[in-house]
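Construct all of the structure, not just a fragment, from the sequences and the given hints.
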Amino acid sequence: EPEVTQTPSHQVTQMGQEVILRCVPISNHLYFYWYRQILGQKVEFLVSFYNNEISEKSEIFDDQFSVERPDGSNFTLKIRSTKLEDSAMYFCASSDQGVGETQYFGPGTRLLVL
Amino acid sequence: RKEVEQDPGPFNVPEGATVAFNCTYSNSASQSFFWYRQDCRKEPKLLMSVYSSGNEDGRFTAQLNRASQYISLLIRDSKLSDSATYLCVVYAGNNRKLIWGLGTSLAVNP
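These protein sequence lines are chains A and B, in that order. As numbered in the working numbering, residues 1 to 114 make up the first sequence, in order. As numbered in the working numbering, residues 1001 to 1110 make up the second sequence, in order.
Just so you know, these hints were derived from the structure itself, not from any lab. Check before you lean on any hint, since a few could be wrong.
[To be verified] Mimicking EDC-like on lysine to aspartate or glutamate, the simulated pairs with C-alpha atoms at most 20 Å apart in a straight line are:
| hint | chain 1 | residue 1 | chain 2 | residue 2 |
| --- | --- | --- | --- | --- |
| 1 | B | K1002 | A | E59 |
| 2 | A | K83 | A | E53 |
| 3 | B | K1045 | A | E1 |
[Unchecked claim] Counterexamples of contact, computed for chain A against chain B with all Cβ distances above 10 Å:
| hint | residue |
| --- | --- |
| 4 | V24 |
| 5 | I26 |
| 6 | N28 |
| 7 | V43 |
| 8 | G72 |
| 9 | T76 |
| 10 | T102 |
| 11 | G106 |
Here the structure is a predicted model, which means the values were calculated and not measured. The beta carbon of each residue, even a glycine, is placed where N, CA and C say it ideally should be.
Spelled out as structure tokens, the structure:
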């Protein structure tokens, strides 16, 4: 069964450093998403991406964040200058139809900012 | 009122019990509704979509009441493997994103 994959599974970084989180969505999907979940809190939408551009972003997704689909398979989330409060689990998801259809999640990257 | 609000947990039930989770949402323009399941420190996985007429999948039954802006999930004959957090998720076209509830934790005990 096709699945979304994410690398790395864990990332530890120093405050102020840049991190890139990588995702490979399901191959025939067209819509891609990033979410984050701070420990003990709810899943929060960050950004959705379709047709090589951002469709929607949340207030969390400020200038420190960017997304890219550098080739036909990868979808990346970059955090330019990490803060302590960026520590969270980051989930990538994809869907073959729009946002309101079933989204399939990757296993997540646990980011710890020290 | 929170965008998506769920029963506070945790629910502790014995194996074989029937358990019901409730969820309310604030956006009357909401169009799609889902229940996801999340195991500890894992990704959310779709349990079932919720349709207007209600739907059933084995031991799981989901119902939607648009007038009351209320969604429910019923689990019958609960198994140890049902222990997880159950997330209520709502999509409204006017904000173009999924809105997630905090989740309700279920522990099924032997």
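Here is how each hint holds up against the structure:
| no. | hint | in the structure |
| --- | --- | --- |
| 1 | B:K1002 with A:E59 | 17 Å, holds |
| 2 | A:K83 with A:E53 | 26 Å, violated |
| 3 | B:K1045 with A:E1 | 14 Å, holds |
| 4 | V24 | 14 Å, holds |
| 5 | I26 | 13 Å, holds |
| 6 | N28 | 17 Å, holds |
| 7 | V43 | 4 Å, violated |
| 8 | G72 | 23 Å, holds |
| 9 | T76 | 18 Å, holds |
| 10 | T102 | 5 Å, violated |
| 11 | G106 | 6 Å, violated |
Checked against the numbered hints given earlier, the structure breaks hints 2, 7, 10, 11 and satisfies all the rest.
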